[in-house]
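A.B. asks: Line order of the protein sequences matches chains D and W.
Taking numbering that gives the first Met the number 0, the leading residue of the first sequence gets 0, the next gets one more, and so forth.
Taking numbering that gives the first Met the number 0, the leading residue of the second sequence gets 0, the next gets one more, and so forth.
These are computed hints drawn from the structure, not numbers from a lab.
Please note: incorrect hints may appear among the correct ones.
In this list, chains with the same sequence are indistinguishable; a pair is considered to hold if it fits within one copy or across any two.
Stated by the list, open to error - Within a straight-line C-alpha distance of at most 25 Å, the following computed DMTMM-like cross-link-like pairs (lysine to aspartate or glutamate) qualify:
#: 1; residue 1: Lys23; residue 2: Glu395
#: 2; residue 1: Lys5; residue 2: Asp200
#: 3; residue 1: Lys23; residue 2: Glu559
#: 4; residue 1: Lys578; residue 2: Glu375
#: 5; residue 1: Lys230; residue 2: Asp631
#: 6; residue 1: Lys648; residue 2: Asp560
#: 7; residue 1: Lys297; residue 2: Asp377
#: 8; residue 1: Lys648; residue 2: Asp264
#: 9; residue 1: Lys5; residue 2: Asp264
#: 10; residue 1: Lys230; residue 2: Glu618
All of these numbers come straight from a predicted model, not from anything done at the bench.
Protein chains: 2
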Amino acid sequence: MSGIQKLLRPRSVAVVGASADPAKTSGRPVAYLQKHGFDGRIYPVNPKASEIGGLRCYPDIRSLPEAPDVAIVLLSAQRTQQAIAELAAMGTGAAIVLASGYSETGDVGARRQRELREAAGSMRILGPNTIGLVNLTDRITLSASGALEVDELTSGAVGLVSQSGGILGALLSRAAARGIGFSKLISTSNEVDLDLADFVDALVDDPATRVIALYVESIRNPRTFRAAARKAAAAGKPIVAFKVGRSASGAQAAASHTGALAGADAMYDALFDETGIIRAQTFADLLDIPAALAGDRKLGGNRVAVLTSTGGAGTLVADSLGVAGFELPAPDAATGAALRALQTGDHAALDRNPIDVTLAGLQPDLLRNAIRIVLESDQYDALVVIAGSSAVAQPELMAGALRDSLTPDGKPVLAYISPHAPRAAEVLSRYGVPAFAAPESVGAALSAMRRVQGGKLSGVRAVRPVRDGTPAHAASPATVEPHKALDEAQAKALFAQFGIPGVREIIVNADADADADAEAEAEATRAARALGPRVVLKLLSRDITHKSDVGGVAVNVAPEDIAQRLRQMRIDVRQHTGKPPQAYLVQEMVTGAAEVIVGLHHDPLGTAILLGMGGVVAELVRDTTLLLLPDDGAALTAQDVEAALRRLKTWPLLDGYRGRPTCDVPALVQAVLAFARMASTLQGQLLEAEINPLFVKPTGQGVCAADGVVVMKD
Amino acid sequence: MSGIQKLLRPRSVAVVGASADPAKTSGRPVAYLQKHGFDGRIYPVNPKASEIGGLRCYPDIRSLPEAPDVAIVLLSAQRTQQAIAELAAMGTGAAIVLASGYSETGDVGARRQRELREAAGSMRILGPNTIGLVNLTDRITLSASGALEVDELTSGAVGLVSQSGGILGALLSRAAARGIGFSKLISTSNEVDLDLADFVDALVDDPATRVIALYVESIRNPRTFRAAARKAAAAGKPIVAFKVGRSASGAQAAASHTGALAGADAMYDALFDETGIIRAQTFADLLDIPAALAGDRKLGGNRVAVLTSTGGAGTLVADSLGVAGFELPAPDAATGAALRALQTGDHAALDRNPIDVTLAGLQPDLLRNAIRIVLESDQYDALVVIAGSSAVAQPELMAGALRDSLTPDGKPVLAYISPHAPRAAEVLSRYGVPAFAAPESVGAALSAMRRVQGGKLSGVRAVRPVRDGTPAHAASPATVEPHKALDEAQAKALFAQFGIPGVREIIVNADADADADAEAEAEATRAARALGPRVVLKLLSRDITHKSDVGGVAVNVAPEDIAQRLRQMRIDVRQHTGKPPQAYLVQEMVTGAAEVIVGLHHDPLGTAILLGMGGVVAELVRDTTLLLLPDDGAALTAQDVEAALRRLKTWPLLDGYRGRPTCDVPALVQAVLAFARMASTLQGQLLEAEINPLFVKPTGQGVCAADGVVVMKD
């Protein structure tokens with residue numbers, strides 16, 4: 000058995016620093032192990048006690064009768080390192096370190112954490128600063144969490160990994176109250192060794208786990224995380240993740256729009272999208288969605304019946320489902336007739352959906368039959384039953400009727416509890432019917448079920464064969480000198496080397512010292528005649544990337560006006576920057592093309608290509624998407640790029656919207672692939688790169704980069 | 000006393016159709032009145048009983064000893080009308096009709112509802128199909144809701160009006176479990192007479208009500224509702240509304256973009272914005288936000304301290320606050336020193352925010368002191384305290400410490416309960432500390448408090464003096480013949496009559512029967528020379544409004560190319576529509592202007608002007624806002640229009656974004672006011688009107704309408 004397997008299912012557990020007082024935190028692990036029925040060997044270690052909880056207590060680690068599978072270390076940070084070294088030396092499988100005072104506290108703690116890692120050698124460590132691990136499947140509690148005070152732990156099919164111990168306790172407590180069961184609960188916290196990815200990987204292999212729930216603060220190792228997430232997708236085990244830290248502002252890159260558009264949170268969206276992870280939008284979703292996915296019943300389509308005995312709540316849930324894109328067809332003739340035959344009372348509304356069965360809500364037989372009719376109807380793919388006020392006093396009433404009506408692998412059945420009736424929700428959950436107190440959760444849960452339709456996750460990017468870890472399609476090495484920032488012409492020259500054409504343009508050098516610059520004006524006029532009938536005149540500079548901010552861009556200029564316009568620009572730029580331009584760029588004027596932004600974004604999570612509606616409005620409209628570059632040495636495919644483009648709200652602009660010509664999407668896709676190749680080839684050298692706009696011309700006419708930003712490592 | 004005042008605070012209540020069996024629905028009202036302590040006179044009416052609940056029972060309405068202030072009518076719909084007529088005849092103040100089978104069931108029911116209204120005469124009616132009304136301030140329960148089975152009702156400062164009886168029961172049940180008290184609970188349901196607006200108006204006058212919560216299905220009388228909402232704003236009583244029906248698709252107008260952009264739900268947003276109503280984004284917010292607003296403590300700024308003893312939950316709440324735009328400054332030197340002096344343990348993190356006091360979470364004295372230090376610090380405007388796992392076993396621990404630390408009108412203090420600890424939440428609420436189980440609710444509640452800062456609602460449009468109910472600024476009556484649809488040139492002529500200039504353009508008539516059309520080509524060439532150097536060529540038609548969809552728009556055409564381009568358009572349009580154009584429009588080509596959409600939107604809630612980013616991308620970018628026209632005969636003001644424009648994400652495009660010229664916003668504002676005047680003047684005649692794009696040129700150069708749609712009543 001590997002260290003992580005021993006950790007998840009130990010046969011022997013040493014508790015180092017165990018207290019004989021179960022009220023103390025250090026007294027809890029032994030007490031919990033016993034209380035919740037661990038049937039392996041427990042070795043308390045404490046020099047001051049001879050017996051704890053009826054078990055022989057060992058004075059020190061060396062006295063232990065065997066190398067334990069797992070050691071829970073309850074010592075202070077100061078004393079932990081020595082204990083870890085001793086445990087590692089005797090061949091312990093894994094240690095759980097509860098002490099805090101490590102990297103979460105600053106530099107001194109970070110050093111201590113590195114020393115801990117060294118002391119452990121090949122022994123695996125969970126923590127430090129962790130609340131531990133609970134294997135509910137096998138009733139093994141390796142934790143000091145007060146949430147384990149409960150008399151009984153509900154085991155289930157949800158495996159939870161949390162980067163916060165406190166959140167793990169909160170979720171356990173909330174789930175217990177709702178009858179939601181877990182398979183494994185793991186708090187990874189400081190992750191000196193074992194991390195999120197390790198446990199995702201292990202839970203994919205755990206037969207008791209059907210759904211993986213993650214509370215994420217920060218993914219420290221994106222490469223292994225992506226691999227583990229892809230393994231889960233391939234195994235048909237959905238992952239639901241809540242990521243805290245949405246309010247964190249992304250790193251602002253100085254020169255390009257990309258930095259402002261691609262925040263840290265958007266990168267997590269991209270990562271989750273790519274690996275098929277369902278993102279919990281609210282903290283409550285982190286329990287609600289896994290609870291819904293843990294069942295056997297798969298959603299086969301988009302049509303939902305809502306069965307209610309209370310009108311208002313039915314409307315509320317129907318609205319939530321409508322917002323989530325579900326259809327609520329009214330009962331057809333046959334279904335309606337079958338429901339009417341039940342005689343559910345004068346005021347039942349059986350010809351619409353929500354189907355209001357009024358009195359049936361209080362009559363289990365009627366309710367059972369109504370449920371059966373809906374479940375048997377071909378019209379519906381799922382059923383949501385609303386529990387009304389009767390659920391408060393009679394929590395078993397509807398739950399019992401529902402339980403009797405369910406077939407093990409039939410359509411999904413969910414419940415919404417309208418009043419405050421926690422007991423009804425709990426009973427329903429235990430019967431396998433996910434029950435929700437928030438109408439929005441019903442829509443979120445069914446949406447998640449739709450994504451895992453038929454056991455296959457939609458939207459997961461295919462895993463490609465790894466090509467020896469080297470970037471694919473390696474282009475010829477760049478010959479451009481590594482500067483700090485390239486000017487626009489140089490940037491486009493670099494793009495062109497990788498196969499992305501630029502607009503036709505001519506550089507006009509200027510005499511920055513002269514009062515007037517007749518020579519530049521004459522040169523610009525000649526250039527405009529060559530590139531006209533209309534051209535764009537721009538300031539050319541390495542330092543000033545936001546040219547339009549300083550009056551450095553003029554569009555739609557006729558050759559006869561360009562001298563005058565250049566004179567004006569000279570004045571404007573000097574006014575804004577203190578010095579006149581040293582060079583200008585005269586460019587052909589491209590019209591009738593769509594404008595796209597293509598940017599490079601580096602982030603701790605990986606490198607991504609930003610795609611979106613381009614032009615000067617890019618930052619206002621913010622219609623962008625991020626495409627993570629593969630981390631396995633493979634290249635992006637044309638399918639990846641086109642799928643990303645289709646996610647844009649303004650995708651229709653590329654696709655012949657409202658009589659516009661269809662744009663050359665194949666050329667755009669090739670340009671994006673070339674941009675990605677450039678990023679792979681130049682790797683660490685390329686700090687920033689952005690094309691905005693990239694003009695996408697009508698089909699067959701290709702693309703051209705109209706402006707570009709490149710910042711290279713110095 | 001008016002009928003509605005009697006209804007809210009009756010001294011005598013007749014219960015018509017009362018049952019002696021309190022288990023029956025019709026037995027509940029008398030039982031509840033007695034149980035919850037109504038100290039007025041109760042008159043059960045039932046021919047089959049002589050006594051109910053120890054009270055004398057009357058055989059019929061005529062036998063009653065007095066005209067009651069309120070009659071609760073529990074009869075079937077068939078028998079209700081007669082009872083209502085009798086109650087009205089004897090001078091009853093108001094009747095509450097519980098029967099269903101009225102307008103909610105279709106045409107027959109709707110007729111029955113009209114007859115009910117007639118039978119009531121001047122007597123006020125609540126319902127039909129209502130669950131009734133509860134005055135918790137005075138312990139008067141006029142309802143059959145099973146939610147009143149509870150032993151004790153918590154009175155408080157939130158007045159709730161619900162258009163669904165079931166939802167009212169659900170909210171009462173949920174609030175009770177959380178210790179949230181109501182002043183009045185009213186279910187208006189079918190609203191044959193008294194409606195949402197009547198009760199908003201009454202609750203503004205109710206001293207016990209500080210916050211009004213609304214569950215809205217549909218506002219039937221927008222004019223009185225807007226007046227009541229403005230009265231609440233003027234009185235400093237915030238309204239929080241949850242509107243069900245977001246998924247309902249807006250009415251699709253055929254000819255204009257406006258219909259697709261201004262859905263029914265966006266109109267509610269506009270109405271709520273205009274009247275300062277806070278929209279609950281989730282159903283849970285409908286309790287959470289009013290609970291937070293009901294207290295005395297006002298939020299004076301944007302800086303929040305989070306005090307926690309459990310790291311993970313602190314991060315979660317901090318994130319929610321960050322997303323909501325709050326600042327979380329770290330404690331300054333003085334505050335930090337004061338906290339450190341408490342000696343809250345080694346692992347406390349007192350130099351950051353969330354402020355982690357670790358052990359203080361279990362030591363009331365320490366916690367009290369930490370709370371006091373934060374509340375006394377000038378650094379913070381509000382405090383959020385996190386309750387950790389100790390809240391499960393010791394719900395009073397933190398609640399007690401908090402209660403002792405509060406001053407009646409100091410800074411707001413809120414609590415977040417991390418584990419499942421409903422009892423702790425309830426106790427905190429009862430102590431006046433709003434307590435939340437969802438981290439998102441903390442951000443939503445504090446955001447709402449920020450909107451009512453200092454007791455004044457932000458964003459409420461000023462109430463203008465009513466000008467005799469007639470539209471202001473009445474323009475000269477339109478002289479255009481009322482057609483079904485105007486063509487583009489006619490539409491712009493109409494706009495011009497109201498003072499909105501159009502682009503320069505020349506109509507070119509075509510010979511639709513000829514094979515070629517040399518005459519039109521020549522005419523177009525002459526027009527292009529007059530309007531050039533570049534022009535726009537368009538199909539001109541009354542029937543085809545989406546011209547670009549059929550190949551009927553060509554931009555940037557040179558005079559020498561226009562003949563060829565016209566020939567092509569003739570082919571394209573015939574291909575799409577089956578017949579060639581009968582006329583063309585040659586227009587000047589406007590460049591360098593911002594493009595705005597201005598549309599008219601009729602809705603049951605009122606008439607609105609849609610403003611947004613215009614052009615062909617309007618429907619993709621969907622950056623629009625709605626501006627409701629005043630319903631009081633007053634006109635929009637320039638301030639109203641500019642405030643609406645500033646709400647647009649793309650507002651910077653009008654305001655000199657990135658070196659662009661500043662646009663002529665004053666001219667745009669005048670054009671929008673002119674558009675609104677046109678709408679007021681033509682009133683019911685004008686079915687659709689839209690300018691898209693309206694070009695907004697640089698400052699001083701004005702605006703011009705480049706395209707327009709008008710549909711008049713036939």
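A.B. asks: Find the hints from earlier in the document that the structure breaks and name them by number, from lowest to highest.
C.D. replies: Hint check: 3, 4, 6, 9 and 10 fail, others pass.
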